[in-house]
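**Student:** Sequence:
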Amino acid sequence: MRLWPKLGGRLEWRHPRRFGAGAAPAGGSGHGVMQRDSKRIARQWNREIEDELRREAARREASGPWKAVGWAGLWVLWLALLVALIVRTRALG
Numbered sequence: 001m002r003l004w005p006k007l008g009g010r011l012e013w014r015h016p017r018r019f020g021a022g023a024a025p026a027g028g029s030g031h032g033v034m035q036r037d038s039k040r041i042a043r044q045w046n047r048e049i050e051d052e053l054r055r056e057a058a059r060r061e062a063s064g065p066w067k068a069v070g071w072a073g074l075w076v077l078w079l080a081l082l083v084a085l086i087v088r089t090r091a092l093g
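The opening residue of the sequence shown carries number 1 in the numbering used here; numbering runs sequentially from there.
No false leads were slipped in.
Simulated DEER-style distance windows between Cβ atoms:
| no. | residue 1 | residue 2 | range |
| --- | --- | --- | --- |
| 1 | Q44 | L81 | 47 to 53 Å |
| 2 | L85 | N46 | 51 to 57 Å |
| 3 | R43 | L82 | 51 to 57 Å |
Derived from the structure by calculation, the hints contain no laboratory data. From a predicted model like this one, the values you see are computed outputs, not experimental measurements. Idealized CB from N, CA, C, for every residue including glycine.
The task is simple: from the sequences and hints, build the whole structure.
**Tutor:** This is how it looks when you write it as structure tokens:
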């Protein structure tokens, strides 16, 4: 919305025209706009649900057998460091 200077020194409050899905019909009750908005909201929800399903599928793929191999490797590394620490402290004492 903008204020437009008019001739005669007055200001008039004008609404810029709206085009597209959110535009209300001139003189209408707005029912068509509500219907379009509800369809837009439903489409947005569907997109969000599909995105979440894709993210969940990607998470499931990432938790395959290689994840177990990685954790086993970290466990072996931890065990080796623990053994090295014990050997080192015994050699000092």
